[in-house]
Amino acid sequence: MRSMDYVTLARMERRVRIESLRRAWFRFSRNKPAVVGFFVLAAIVITALLAEYVTPYPSHAGLYINFKEKFQPPSFKHLFGTDMYGRDVFTRVIFGFRYALMMVGVVLGIVVPAGTILGLVAGYYKGTIIDHLIGGLSEIFVAVPPLVLALAICSLLEPNVINALLAITLMWWPWYTRMVYSMTSSLRNEPYVWEAKALGMRTYQILFKELLPNMLGPILTKATLDASWVIIIGASISFVGLGAQPPTPDLGTMLAEYCRYLPSYWWMTLGPLLGIIVLVLSFNLVGDGLRDVFAGE
Amino acid sequence: MRKVKTFLKSAFRNVFVRRALRSLLSLLGLSLVIFTLARVLPGDPIKAAFGPDIPEEVAQRYREMLNLDKPLYLQYFYWLTDVFKLRLGRSLVTFRDVSADIADFFPATLELLIASAVFRIIVAFPLGVLSGRKPGATMDNVIRVLAYIGICIPTFGWAIILQLVFAYWLGWLPAIGRISEEFRVISRVTGLMTIDTLISGNFPAFVDALRHLIIPTVALSIGGAVQEARILRASIIENIGRDYVLNMRSHGIPERLIYFKYVLKPSSIAVIPVMGLDIASSVANAFLVEAICNWPGMSRYGMIAMLRKDLNAIVGVVLVVGLVYIVINTIMDVVLYVVDPRARFREREES
Chain A
49 MRSMDYVTLA RMERRVRIES LRRAWFRFSR NKPAVVGFFV LAAIVITALL AEYVTPYPSH
109 AGLYINFKEK FQPPSFKHLF GTDMYGRDVF TRVIFGFRYA LMMVGVVLGI VVPAGTILGL
169 VAGYYKGTII DHLIGGLSEI FVAVPPLVLA LAICSLLEPN VINALLAITL MWWPWYTRMV
229 YSMTSSLRNE PYVWEAKALG MRTYQILFKE LLPNMLGPIL TKATLDASWV IIIGASISFV
289 GLGAQPPTPD LGTMLAEYCR YLPSYWWMTL GPLLGIIVLV LSFNLVGDGL RDVFAGE
Chain B
-3 MRKVKTFLKS AFRNVFVRRA LRSLLSLLGL SLVIFTLARV LPGDPIKAAF GPDIPEEVAQ
57 RYREMLNLDK PLYLQYFYWL TDVFKLRLGR SLVTFRDVSA DIADFFPATL ELLIASAVFR
117 IIVAFPLGVL SGRKPGATMD NVIRVLAYIG ICIPTFGWAI ILQLVFAYWL GWLPAIGRIS
177 EEFRVISRVT GLMTIDTLIS GNFPAFVDAL RHLIIPTVAL SIGGAVQEAR ILRASIIENI
237 GRDYVLNMRS HGIPERLIYF KYVLKPSSIA VIPVMGLDIA SSVANAFLVE AICNWPGMSR
297 YGMIAMLRKD LNAIVGVVLV VGLVYIVINT IMDVVLYVVD PRARFREREE S
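Note that the protein sequences, when read in sequence, are chains A and B. First residue of the first sequence: 49, per my numbering; consecutive thereafter. First residue of the second sequence: -3, per my numbering; consecutive thereafter.
In short, the hints are calculated from the structure, not lab data. Quick caveat: nothing in here was measured; it's all calculated off a predicted structure. Even for Gly, the Cβ is constructed at its ideal location relative to N, Cα and C. Careful: at least some of the hints might be erroneous.
[Said to hold, decoys possible] Pairwise CB distance ranges, derived in the manner of DEER restraints:
#1 Ile94(A) to Ile191(B): 48 to 58 Å
#2 Leu322(A) to Leu169(B): 19 to 29 Å
#3 Pro311(A) to Val54(B): 41 to 51 Å
#4 Pro295(A) to Phe46(B): 45 to 55 Å
#5 Leu303(B) to Arg62(A): 19 to 29 Å
#6 Leu20(B) to Asn237(A): 54 to 64 Å
#7 Tyr101(A) to Leu273(B): 25 to 35 Å
#8 Ile300(B) to Leu322(A): 22 to 32 Å
#9 Ala72(A) to Phe73(B): 54 to 64 Å
#10 Pro250(B) to Arg62(A): 50 to 60 Å
[Claimed, not checked] If you want the ones that stay clear, here's a sample from chain A, every Cβ over 10 Å from chain B, calculated:
#11 Ile66
#12 Arg70
#13 Leu97
#14 Ser107
#15 Lys116
#16 Ser276
[What the hints assert, rightly or not] Covered by chain B, according to a simulated footprint, are these stretches of chain A (three or more residues, beta-carbon under 8 Å):
#17 142 to 149
#18 190 to 198
#19 201 to 214
#20 285 to 295
#21 308 to 322
All chains, please: the whole structure from these sequences, using the hints.
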């Protein structure tokens, strides 16, 4: 009898969860710009994953030279024109999406869980030595604008994509820690936490089953909005030459390369710039939509 | 003596001082982290600065000169004692003390920062007021679109676009540099070009300096400014629906007075912290803008140092940026304190 009760309870719980997801999607779908952003983003992800098959000149992504076709203005054959080695800029931008998205995935994939866990622990043990340790450490990394620190770390390492990723990851976690910390420290004295404690729940259960679900909305929203910042900072690092190096079709690297030919061959710069803008815009639209969804709850 | 003591006591009780001290402490921690990273990470700084072909005995002499042959904690200790004497160690590129280099280059960055802060304020507030006044009107929609464009074009993108349009195509503004060649004679007094030209009474030079300032300033602040306008708008709309506004209207207080005196002030409280954070982080974006616009400031110096792996210069620039960050944040705290009476209450409760 008892065990059956638990089964029904779990079933009901699942149903409630599905229902609330459905409602969230409904609220999200009312926001037209967010939906547009979502589909553009989906399209970008798919084209980036299938870049070898959907781009007109896949071989132009890396080292490829064809001086006969250099500096072609935009046409139907080359949507964004060609660059100084005769490579198709449009193709390279699509491949650039791949690097930008990889950067977002890796950085947020590490930073969001790590920052969240540290913030949860510090907030739950507020006032203890753990709190001071984590708080002090995160304050050190927030003492300087993220971009400067990332640039400095990159400059001390060899300039390549992996190290740029490392640098961004290293300076980004404190922002999540601080956000989760402030939410945890305000939630930790809620009655349900006390009750969970009185029932003898383990600390990790309280942290992840009682506290964390209440914060998922803001964390997810921040992650989506931060995705655009990761793209911009990543592009900035490679733009100044401390990230991905030239034959790599990274958006920032391409921009830096094409920038030198600016007044006369301006269309080359426009391609990667447009790529960054579209990517950042769609992440922002989705993030705003998510924020509205969670604010409505 | 007693006066000094009570002054110090009250100063330490002051929230701003405490917060600034705390930030300074974290800056010290940061210096330890970045200093250690600079020494521990693989790669020989001497070889990076002078090329791999440098004779071993010469490299050894440089290492001794820079204390690179000593253990790490001693290096940090020497460096820290130097910092208290306001010296940041010798640069491997310019062979001067880094603090002297930064002192040379900093005013240009400061000028850019001040100009961009001013630009931000004179753009964000009118736009926010305009769009908050009639939500849903054409002006409001235009500003909304502008705000989205502002967010998604990164600072370096703005710099490139502005250069392309206003310098290369239209030819209205100079694309790079700080002042034209013919005005190089301006003597350096404050280091801020616009003020120096005014002091020397050379009006055409002043106009020239101002024209050079426009593209980097706008590139640095336009994206943030439109966003802040949006925040101001949201806050105005929220406040205008409050009961006190209705109360004033029912008393027949003129709409203009209500709007500019009683709604704008509480609404600006929401913007000021965001603006402060944005102004502070434009120190970072200055790294890119100065590189693109060839602006001879500290950030460009830092950029060159980073590309050449000049250890002391990198650490120095990061710390000075951190210091600027703290100063701007403290100023913004004070501004908020002046504008927002609730902040004063909160502080009293805290202490």
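To see whether the hints hold, each was checked on the structure:
In this structure, Ile94(A) and Ile191(B) meet the distance hint of 48 to 58 Å, their C-beta atoms being roughly 55 Å apart. For Leu322(A) and Leu169(B), the hinted distance range of 19 to 29 Å is satisfied, since their beta carbons lie about 24 Å from each other. Here the CB-CB span from Pro311(A) to Val54(B) is close to 43 Å, well matched to the stated 41 to 51 Å. Separation of Pro295(A) from Phe46(B) is about 28 Å and departs from the stated range, judged on CB atoms against 45 to 55 Å.
At about 55 Å, the CB distance of Leu303(B) to Arg62(A) disagrees with the hint of 19 to 29 Å. For Leu20(B) and Asn237(A), the Cβ-Cβ distance of about 32 Å falls outside the hinted range of 54 to 64 Å, so the restraint is violated. The hinted range of 25 to 35 Å is not satisfied by Tyr101(A) and Leu273(B), whose Cβ atoms lie roughly 43 Å apart. Checked against the hint of 22 to 32 Å, the pair Ile300(B) and Leu322(A) passes, with Cβ atoms roughly 30 Å apart.
For the pair Ala72(A) and Phe73(B), the beta carbons lie near 56 Å from each other, so the given range of 54 to 64 Å is met. Between Pro250(B) and Arg62(A) the Cβ separation comes to about 59 Å, which falls inside the hinted range of 50 to 60 Å. With a cut of 10 Å on Cβ distances, Ile66(A) stays outside the contact zone with chain B, its closest approach being about 33 Å. With 10 Å as the threshold on Cβ separation, the claim that Arg70(A) sits away from chain B holds: the shortest Cβ distance comes to roughly 29 Å.
At roughly 22 Å, the least C-beta separation between Leu97(A) and chain B is larger than 10 Å, which holds for a residue marked as non-interface. Distance check on Ser107(A): its Cβ is at least 28 Å (rounded) from any Cβ of chain B, clearing the 10 Å threshold; non-interface status holds. Every C-beta of chain B lies more than 10 Å from that of Lys116(A), the closest at about 27 Å, which supports listing it as non-interface. In this structure Ser276(A) is not separated from chain B by more than 10 Å, as the shortest Cβ-Cβ distance comes to only about 7 Å.
Proximity of the region 142 to 149 of chain A to chain B, defined as three or more residues with a beta carbon under 8 Å from a beta carbon of that chain, is not established by the 0 residues found. Under a criterion of three residues with beta carbons nearer than 8 Å to beta carbons of chain B, the stated coverage of the region 190 to 198 of chain A is upheld, 8 such residues being counted. Counting residues of the region 201 to 214 of chain A whose beta carbon lies closer than 8 Å to any beta carbon of chain B gives 6, which reaches the threshold of three, so the coverage claim holds. For a cut-off of 8 Å, the count of residues in the region 285 to 295 of chain A with a CB near a CB of chain B stands at 4, and the three-residue condition holds.
Given a C-beta distance limit of less than 8 Å, the hint that chain B covers the region 308 to 322 of chain A holds, as 5 residues qualify and 3 suffice.
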